[in-house]
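Asks: Okay, here's what each chain looks like letter by letter:
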Amino acid sequence: MGPLDERRRRFEEIYAACHDPVLGYVLRRTEDGHDAADVLAETFLVAWRRIDEIPAGDRARPWLFGVARRVLANHHRGERRRTALGDRLRTELGDAVRAADHHTESGVIAEAFRGLSDDDRELLSLVGWEGLDTGQIATVLGCSRNAVRIRLHRARKRFARELKNRGANAEPHLRRARIAEEEHA
Amino acid sequence: MNHDKLIRRLAPITDEEAARMVSPQAKTELSEQITATAVPARHRARRRRGLVVGLPLAAAAATAAIAVAVTSAGSGATHATPTPSQRPGSGPVKVQLAALSFSTQGKYLVVKVNDPLADPARYRKEFAAHGMDIDLKLVPVSPSIVGTVVMSEGSMKMITARGRCHTGGGGAACPVGVKIPLGYKEHAQVVFGRAARPGEQYSSSAPVEAPGEVMHGMTYRGRTVAEVVAMLKKRHVTVPEYRYEGADGDNAPYRNGVPPEKVQPGWFVHDASPWAQNQVLLFVGPTRQTHAPAGNGKPPAPGFPFATPTAR
Chain S
1 MGPLDERRRR
11 FEEIYAACHD
21 PVLGYVLRRT
31 EDGHDAADVL
41 AETFLVAWRR
51 IDEIPAGDRA
61 RPWLFGVARR
71 VLANHHRGER
81 RRTALGDRLR
91 TELGDAVRAA
101 DHHTESGVIA
111 EAFRGLSDDD
121 RELLSLVGWE
131 GLDTGQIATV
141 LGCSRNAVRI
151 RLHRARKRFA
161 RELKNRGANA
171 EPHLRRARIA
181 EEEHA
Chain R
1 MNHDKLIRRL
11 APITDEEAAR
21 MVSPQAKTEL
31 SEQITATAVP
41 ARHRARRRRG
51 LVVGLPLAAA
61 AATAAIAVAV
71 TSAGSGATHA
81 TPTPSQRPGS
91 GPVKVQLAAL
101 SFSTQGKYLV
111 VKVNDPLADP
121 ARYRKEFAAH
131 GMDIDLKLVP
141 VSPSIVGTVV
151 MSEGSMKMIT
161 ARGRCHTGGG
171 GAACPVGVKI
181 PLGYKEHAQV
191 VFGRAARPGE
201 QYSSSAPVEA
211 PGEVMHGMTY
221 RGRTVAEVVA
231 MLKKRHVTVP
241 EYRYEGADGD
251 NAPYRNGVPP
261 EKVQPGWFVH
271 DASPWAQNQV
281 LLFVGPTRQT
291 HAPAGNGKPP
301 APGFPFATPT
311 AR
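Each protein sequence line maps, in turn, to chains S and R.
Under the UniProt record's numbering, think of the first position of the first sequence as 1, with each following residue one higher.
Under the UniProt record's numbering, think of the first position of the second sequence as 1, with each following residue one higher.
It should be emphasised that the hints constitute simulated quantities derived from the structure, not laboratory data.
Misleading hints may appear alongside valid ones.
Unchecked claim - Here are the simulated lysine-lysine pairs, BS3-like style, with alpha carbons at most 25 angstroms apart:
1) Lys125(R) <-> Lys112(R)
2) Lys112(R) <-> Lys157(R)
3) Lys5(R) <-> Lys157(S)
4) Lys5(R) <-> Lys164(S)
5) Lys233(R) <-> Lys185(R)
6) Lys157(R) <-> Lys125(R)
Unchecked claim - Estimated spans, in silico, between C-beta atoms of each pair:
7) Arg145(S) <-> Gly183(R): 13 to 21 angstroms
8) Glu186(R) <-> Leu4(S): 29 to 37 angstroms
9) Glu200(R) <-> Arg154(S): 28 to 36 angstroms
10) Thr14(R) <-> Ile150(S): 27 to 35 angstroms
11) Ser101(R) <-> Ala160(S): 39 to 47 angstroms
12) Asp119(R) <-> Ala110(S): 20 to 28 angstroms
13) Asp119(R) <-> Arg154(S): 39 to 47 angstroms
14) Thr14(R) <-> Gly57(S): 20 to 28 angstroms
15) Ala160(S) <-> Pro120(R): 43 to 51 angstroms
Claimed, not checked - To be clear about the criterion: a stretch of chain R counts as covered by chain S if any three or more of its residues have a C-beta under 8 angstroms from a C-beta of chain S, and this derived list gives those stretches:
16) 8-14
17) 27-36
Think of the CB as a built atom: it goes at the ideal place given N, C-alpha and C, for glycine as much as any other residue.
The whole structure should be built from the sequences, with the hints applied where relevant.
Replies: Structural data, given as structure tokens:
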């Protein structure tokens, strides 16, 4: 462990680079701004305390997602940690999330996605929402790449089945997604 | 195979949208507050422990007993370097029970805590005797969640006991233990709640009105401080800490909690939280807040401008 200044410098670097992605990660998984603020604060508090364990470079972000994931799970389980942190953030996020009125996607695809287990959804979200590759997901989940590959494969199969059960064929939707993306570009 | 694009479109919010919800000040404030917290003693303690070789004799014996009882797990880990100061050599040998008990259930190892006040190092050793790298910690918690899992890392499975406790987010599904796959080698941390000693601040708590908590069954939101304090007095509960929340949810001018002597008896109570044995923390302010009817399972939305540091 380096001196405090060194520790602080590293933290600030990680914080600057990862604040937005971690906030995005959390907000995509909770509908309550106050919860999101608590989870974000707790996640970075863990980062501060365990700074020596944070992998260098690009792997810091998935590591933080892993922490956020556990904090979130504990939060859902009812653990509400009292911290002196992020009062302003709580207020702002509380208001912003209420105002944003979380657009919950409707339609077959959303339904099919919601029909999956939490684990499957998380895995597919890490790819689709956070844009992570297998190695990074392995860091988030604390398992091997191989395990991620296998689980991902199964999750995708189950998603396809959910889609099929709902009479949806992925193809036209995919085409629509592609078109939308091109328009966007 | 690309379902990923479909899923991407389901994302409720992008990083950019999320970032726009937070002001630069809030972002900086959080970072500053975090780096102002003490650097954990945990790390230093762990290092020091790493250097102290050997176990108190009794603990070593206990570990061996477990190893025999469950599997023939490697006793190689328990190299008992003599630690003469640890125990008197004579006198009746008090058999120290194992801090943890292990049993197997199918593909899982079931761990129960026998001694909730044991040194965490003992737990770690006993886990190590099973070839596992698990940190078990016990933190003081409010009465209704004593003996439950407060936090866990790694891919452990929760054992829940419905109705055994009530948690804010988990409802009645009370996590009372963890299941660890046999042969689990990754590092993991699990934190259980233990009873707090008198005056010891809770690290974690159930909602203050949950069954078993000191304000169970009490209607207090929107009442005045004077009324609530009087109600609490009948239950022998005191209020050592207050948090301030003004009309717009802002906690200025008392960002770090309002000193009890500044709290006006006519202020309103917004929320409460267990603090320590027979002590609660009250969220208060000069304007009455609208409160959702209690008991809908959701944590009260306007509350929690936390300023209570966790006791660690």
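Asks: Decide, hint by hint, whether the structure agrees.
Replies: Hint check:
no., hint, verdict
1, Lys125(R) <-> Lys112(R), "holds, 15 angstroms"
2, Lys112(R) <-> Lys157(R), "holds, 14 angstroms"
3, Lys5(R) <-> Lys157(S), "holds, 15 angstroms"
4, Lys5(R) <-> Lys164(S), "holds, 17 angstroms"
5, Lys233(R) <-> Lys185(R), "violated, 50 angstroms"
6, Lys157(R) <-> Lys125(R), "holds, 21 angstroms"
7, Arg145(S) <-> Gly183(R): 13 to 21 angstroms, "holds, 19 angstroms"
8, Glu186(R) <-> Leu4(S): 29 to 37 angstroms, "holds, 30 angstroms"
9, Glu200(R) <-> Arg154(S): 28 to 36 angstroms, "violated, 46 angstroms"
10, Thr14(R) <-> Ile150(S): 27 to 35 angstroms, "holds, 29 angstroms"
11, Ser101(R) <-> Ala160(S): 39 to 47 angstroms, "holds, 45 angstroms"
12, Asp119(R) <-> Ala110(S): 20 to 28 angstroms, "violated, 50 angstroms"
13, Asp119(R) <-> Arg154(S): 39 to 47 angstroms, "holds, 42 angstroms"
14, Thr14(R) <-> Gly57(S): 20 to 28 angstroms, "holds, 23 angstroms"
15, Ala160(S) <-> Pro120(R): 43 to 51 angstroms, "holds, 46 angstroms"
16, 8-14, "holds (count 7)"
17, 27-36, "holds (count 7)"
Checked against the numbered hints above, the structure violates hints 5, 9, 12; every other hint is satisfied.
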